[in-house]
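**Q** Dock chain B against the given chain A, drawing on the hints supplied.
Line by line, the protein sequences give chains A and B. Just so you know, the first sequence maps onto residues 1 to 240 in this note's numbering. Just so you know, the second sequence maps onto residues 1001 to 1221 in this note's numbering.
One should not assume that every hint holds.
Capping the alpha-carbon separation at 25 Å, the derived lysine to aspartate or glutamate pairs in DMTMM-like fashion look like this [as the list claims (entries may be wrong)]:
id, chain 1, residue 1, chain 2, residue 2
1, B, Lys1172, B, Asp1101
2, B, Lys1168, A, Glu139
3, A, Lys149, B, Glu1185
4, B, Lys1005, B, Asp1215
5, B, Lys1159, A, Glu139
6, B, Lys1140, A, Glu136
FYI, nobody ran anything at the bench for these hints, they're computed from the structure.
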Amino acid sequence: MRNKVYGSFDEVVSDIPDGSTIMIPGFAGPGTPRNLIAALLRQGAKELTAISNHPGAGPFDHRMDLGRLVEAGRVRKVVCSFTASPHPSQATAFEKLYNDGAADGELVPQGTLAERIRAAAAGIGAFYTPTGVGTEMAEGKEHRVMNGKEYILEYPLHADYAFIRAYRSDTFGNLQYRLSQRNFNPIMAMAARTTIVEVEQDILDLGTMDPDQVHTPGICVDRVVHIPEDGIWEEAVYRD
Amino acid sequence: MQKTKLSRQQIANRLAQEFQDGWLVNLGIGIPTLCSNYDQGDREIIYHSENGVIGYGSIYPRGDEDLQLVNAGGQYVSLVPGASIVHHADSFAIIRGGMLDLTVMGAYEVAENGDFANWKTEGRKGGGIGGAMDLAVGAKRVFIAMQHTTRDGKPRLLKRCTLPITAKGVVKLIATDLGLFEVTEKGLLMREIAPGHRPEEVQSLTEANLIIADDLKEMEV
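So here's chain A without its partners, still in its complex pose:
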């Protein structure tokens, strides 16, 4: 099986054009592909659409995430489950641009976001969900009652690229995640046309990974880079 290991983050993001749609996983830190985001920031691609649970940090949080791309004016639109932070003191970089009309936002309930990504991965044309019925989220959407319960129609979310953070990979890109790092990673890895991965552990030789322990099959992965010691690693952030 083909070796997909590359030597640098700059190399694997070099061909990403302006206007691309990129999926970025991560939930409150774990599973965020920070090294790939940093490389894309250096690369300079703009007019991006990001699909991510959260639009990333603001001035209150210095960590490398989608917020840094937003801050730099590279992101045209974010599809996410938080277009406003719960508290104004935690306003994100995106929120400011969104309020000023400088960036577009599409607010999606988190489970609908996950299922729309999964649907894209699975070749599903659309699906009915009960989430959001009777709320602003249902406005303008097709409604249908089945077995006495009301549902709304939601469509898949496709992407050109997915940036993935994994714990382990072999040279073919079979991936394993660790604990809550998993979150959106497996579904985004399957949904995007080109999937690029940053890996924490030393990359394993082909045939040394237990097939039963693979969370994302290598057939869904295109490029893999090992995070060097001086790369970007998770750091502790404490919340009350």
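**A** Frame of chain A, contents of chain B only:
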């Protein structure tokens, strides 16, 4: 009798007392996450977090945390024996699929018909839904933990929500710093009251008409 309002932890504790043995429970950000601090004794509660963690335990002491293991609030948590991890689509399949016995959430407003609002505040563009809408329609029960009034002293327990709602008619039980309230077909039933308070005082801070339980109890704090 000294007049006392419940602390955030006491509000959480009061709802945690309602958890039944074997329940799968999701706790939202804020007061709800404090429910897991309550000692359930012999009852086993399994905590689910929307990021795919099934079976988390206490918050880790600083310095001992695992940086790859957080709950919905981004706090570093431990796992209990038998815990498991799933991806986000499966986590929400568990939520929408009806496996959760209970979700506890915070709210800006709750109405006497069981509607609640917790994703968008007045005058702000956009909102923060997170998993709230999925949890509200998927879980078997929705409990709300919140302060009884806004910081300006305005009621949060209303006849009808004024903010955009999260879900219709799903709330069953509400604990605030002033009491415990059940959503019934006849309206909001005040079952318990904070120590030293009179029902008419609580009513004056509540827009919805309160039905006072015949056996109204004073809350233990």
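**Q** Next pair to validate is Lys1140 of chain B with Glu136 of chain A; report whether the Cα-Cα distance is within 25 Å.
**A** Holds, at about 23 Å.
**Q** CA of Lys149 of chain A to CA of Glu1185 of chain B, is that 25 Å or under?
**A** Cα-Cα ~20 Å, so holds.
**Q** Assess, step by step, whether the Cα of Lys1005 of chain B is no farther than 25 Å from the Cα of Asp1215 of chain B, and give holds or violated.
**A** The hint holds at about 20 Å.
**Q** Holds or violated: Lys1159 of chain B and Glu139 of chain A, Cα atoms, limit 25 Å.
**A** Between Lys1159 of chain B and Glu139 of chain A the Cα gap is close to 23 Å, so the pair holds against 25 Å.
**Q** With a cut-off of 25 Å on the C-alpha distance, tell me whether Lys1172 of chain B and Asp1101 of chain B pass.
**A** Given pair Lys1172 of chain B, Asp1101 of chain B holds - Cα atoms ~12 Å apart, limit 25 Å.
**Q** Take the C-alpha atoms of Lys1168 of chain B and Glu139 of chain A, compute the straight-line distance between them, and say whether it is at most 25 Å.
**A** holds (15 Å)
Of the numbered hints stated above, none is contradicted by the structure.
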